[in-house]
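Participant: Take a look at the letters that make up each chain.
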Amino acid sequence: MSVAPPGESANRLRGDLMAYASLSLISIFCAIPFFWLLIASFDSNAQLFLRWPETWTFANYLRVFTKEDGAKWLFNSLFVVGVATFLVMVLSGLGGYALSRTRAWWKLPFLYAILLIRVLPSTALVVPLYKFLLTLNNAEGALLRPIFGSATRDIMRWTGFIDGYLGLILVLATMQLPLSLWIMKTFFDDLPRDYEEAALMDGATMIQRIRRVLIPLALPGLAASGLFAFMSAWGDFLLPLILLSSPELQTLPLGLFRAFLRINEIDYGLLTALAFIYLVPAVVAFGFARRFLVQTFSGGVKG
Amino acid sequence: MAKTLQERRAERQLMIVLLPSLLLLVAFVIYPAIYSVYLSFTNEALTGAAARAPRFVGWRNYTRLFNDAKFWNALFVTFVFVLGAAIIGQFVLGLVSAIALRRRLVFRTVFSSIILLPNAAPEVVAGFMWISMLAGGDHATLSRFVFFFGLPTADWLQVFPLAMIIVVNTWRGIATAMILLTAGLSTIPQEIYEAARMDGATPAQMFRRITLPLMMPTILLYMLISTVSTIAVFGLVYALTRGGPGGATELISIYIYNQSFTAYQLGYGAAVVVIALLVSLLLGIAYARAAKVEI
Numbered sequence: 001m002s003v004a005p006p007g008e009s010a011n012r013l014r015g016d017l018m019a020y021a022s023l024s025l026i027s028i029f030c031a032i033p034f035f036w037l038l039i040a041s042f043d044s045n046a047q048l049f050l051r052w053p054e055t056w057t058f059a060n061y062l063r064v065f066t067k068e069d070g071a072k073w074l075f076n077s078l079f080v081v082g083v084a085t086f087l088v089m090v091l092s093g094l095g096g097y098a099l100s101r102t103r104a105w106w107k108l109p110f111l112y113a114i115l116l117i118r119v120l121p122s123t124a125l126v127v128p129l130y131k132f133l134l135t136l137n138n139a140e141g142a143l144l145r146p147i148f149g150s151a152t153r154d155i156m157r158w159t160g161f162i163d164g165y166l167g168l169i170l171v172l173a174t175m176q177l178p179l180s181l182w183i184m185k186t187f188f189d190d191l192p193r194d195y196e197e198a199a200l201m202d203g204a205t206m207i208q209r210i211r212r213v214l215i216p217l218a219l220p221g222l223a224a225s226g227l228f229a230f231m232s233a234w235g236d237f238l239l240p241l242i243l244l245s246s247p248e249l250q251t252l253p254l255g256l257f258r259a260f261l262r263i264n265e266i267d268y269g270l271l272t273a274l275a276f277i278y279l280v281p282a283v284v285a286f287g288f289a290r291r292f293l294v295q296t297f298s299g300g301v302k303g
Numbered sequence: 001m002a003k004t005l006q007e008r009r010a011e012r013q014l015m016i017v018l019l020p021s022l023l024l025l026v027a028f029v030i031y032p033a034i035y036s037v038y039l040s041f042t043n044e045a046l047t048g049a050a051a052r053a054p055r056f057v058g059w060r061n062y063t064r065l066f067n068d069a070k071f072w073n074a075l076f077v078t079f080v081f082v083l084g085a086a087i088i089g090q091f092v093l094g095l096v097s098a099i100a101l102r103r104r105l106v107f108r109t110v111f112s113s114i115i116l117l118p119n120a121a122p123e124v125v126a127g128f129m130w131i132s133m134l135a136g137g138d139h140a141t142l143s144r145f146v147f148f149f150g151l152p153t154a155d156w157l158q159v160f161p162l163a164m165i166i167v168v169n170t171w172r173g174i175a176t177a178m179i180l181l182t183a184g185l186s187t188i189p190q191e192i193y194e195a196a197r198m199d200g201a202t203p204a205q206m207f208r209r210i211t212l213p214l215m216m217p218t219i220l221l222y223m224l225i226s227t228v229s230t231i232a233v234f235g236l237v238y239a240l241t242r243g244g245p246g247g248a249t250e251l252i253s254i255y256i257y258n259q260s261f262t263a264y265q266l267g268y269g270a271a272v273v274v275i276a277l278l279v280s281l282l283l284g285i286a287y288a289r290a291a292k293v294e295i
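First to last, the sequence lines map onto chains A and B.
First residue of the first sequence: 1, per this note's numbering; consecutive thereafter.
First residue of the second sequence: 1, per this note's numbering; consecutive thereafter.
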């Protein structure tokens, strides 16, 4: 490179300064709400507005677990989202493999279908979904009640479709399937078939091929698929809002939302601590998922 | 012949491992979508006489829909919301961030991490944080900020509700735009800029004549993706305003929720659902074509 003319380096400096200025402004815009959440959660006299605490404290976090049912909400969220994520990883691993390897006629229709399913807003689906789940739930209740009598409600808390873990887990998992299937399908497309064919030659069964060959090879893809499923299910508010009503089944977003609605006794320290607890797993997962973001955003709809 | 037999067995096995996913999608997505078409022709409700014995009512829900000012209001609010947040707000700030981050700056990773952060926040947390930012009174963050510039303060969510939810959704979506547009920018060969610079082109000219035209496919893809995902926004706005005040932020998603689960009108809600599904499907087909998705 030759020596840049003086005008050019001045240009570059001006460009850099403009870049710093605009990025700083955008970053402040992005960061300020988090800043409030973080410091208010350690403020012994937290307020709705941003202020520097006079005394710092952990008491807000303790109150989440003593004054409110924070532990139960955290458990419910971790349990429901954890099981749903696991289910998505298993199903999308198997299904993505099938979609990648098959030469059957249904391959294209299926792929177009999951692409179109991804654009359907879940807000539009919940009305018929609720009605359908209600029918399933009543049928299950009618089936179980003669057998278990008064214990039916306790069982339905786990296996019910409305106001039960099972229904929420299945629906949450289903909503993540299209993206996860897509991620796994593209992942297996890039994976050479040589290994499986060698295993097939050696007479390995389907199960053996999956366990010995495919799972170890598919781990990075499964990680991406699981991370996106976790993030989306963890942040979901609509499905628990509609499907859960019992206090003992509430998840973190519901707990936070309902605690906030009790206008008369708002405890901002507790709320910000609760919100922060809810936020941390999402941010950690997002940090891990960062390197997959580009492919996923351009390869499909929604985050 | 043995090979085809083995192949056929392999195909069957592939279908079996896909079956659970297919069943779930049919049960919880495809069937409900079709069922909503049926529901929209009935007077189904969550409670009351209609819940016990729903009747077929023909096109009545649809005629009611097209005469319902609240429905048109919801459509209008959704349109302004998508236009303001996805098409303008996120796009402009995302493009500025993407272009600025191409330079070799000292805090590049710090900046991009901070800009990605809002995208990671769950909807309810995001809504809660912004209730603080936009609260009434002189102490709230936005009020202090505008006061600093000598402007009058306000109870932001009461006075400018629609503008405020656009600001909040923009905040949340800058990352999506930035990521997609960064990917688009990186496909433009650096030599074109070098050549243009040799010819004495100004940065503004280079942006208009090189960057924008070459970015068009990416921009189009972004517009479709963000439109579809912004139409689906629910929790963020619901946590902030629940559609109020007076329907000013009642997006189509919130309208569906309110009609079905607050007013218990499932049949009528389903008619709105069918309209929303049709619009989304049209956008989805456009998306599948624009993205030239490899299958």
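Because the hints were derived from the structure by calculation, they are not lab data.
Some hints here could point you the wrong way.
Stated by the list, open to error - Below 20 Å or equal to it, Euclidean Cα-Cα: the simulated EDC-like pairs (lysine to aspartate or glutamate) are: (1) A:K72 with A:D267; (2) A:K67 with A:D16; (3) A:K67 with A:D267; (4) A:K67 with A:E248; (5) A:K107 with B:E7; (6) A:K107 with B:D155.
Participant: So, for every hint listed, does it hold in this structure?
Facilitator: Hints, one by one, checked against the model:
1. A:K72 with A:D267: Holds, at roughly 19 Å.
2. A:K67 with A:D16: Violated, at about 51 Å.
3. A:K67 with A:D267: Roughly 11 Å separates the two Cα atoms, so the pair holds.
4. A:K67 with A:E248: holds (15 Å)
5. A:K107 with B:E7: With a Cα-Cα distance of about 16 Å, the restraint between K107 of chain A and E7 of chain B holds, given a limit of 20 Å.
6. A:K107 with B:D155: Between K107 of chain A and D155 of chain B the Cα gap is close to 54 Å, so the pair fails against 20 Å, i.e. violated.
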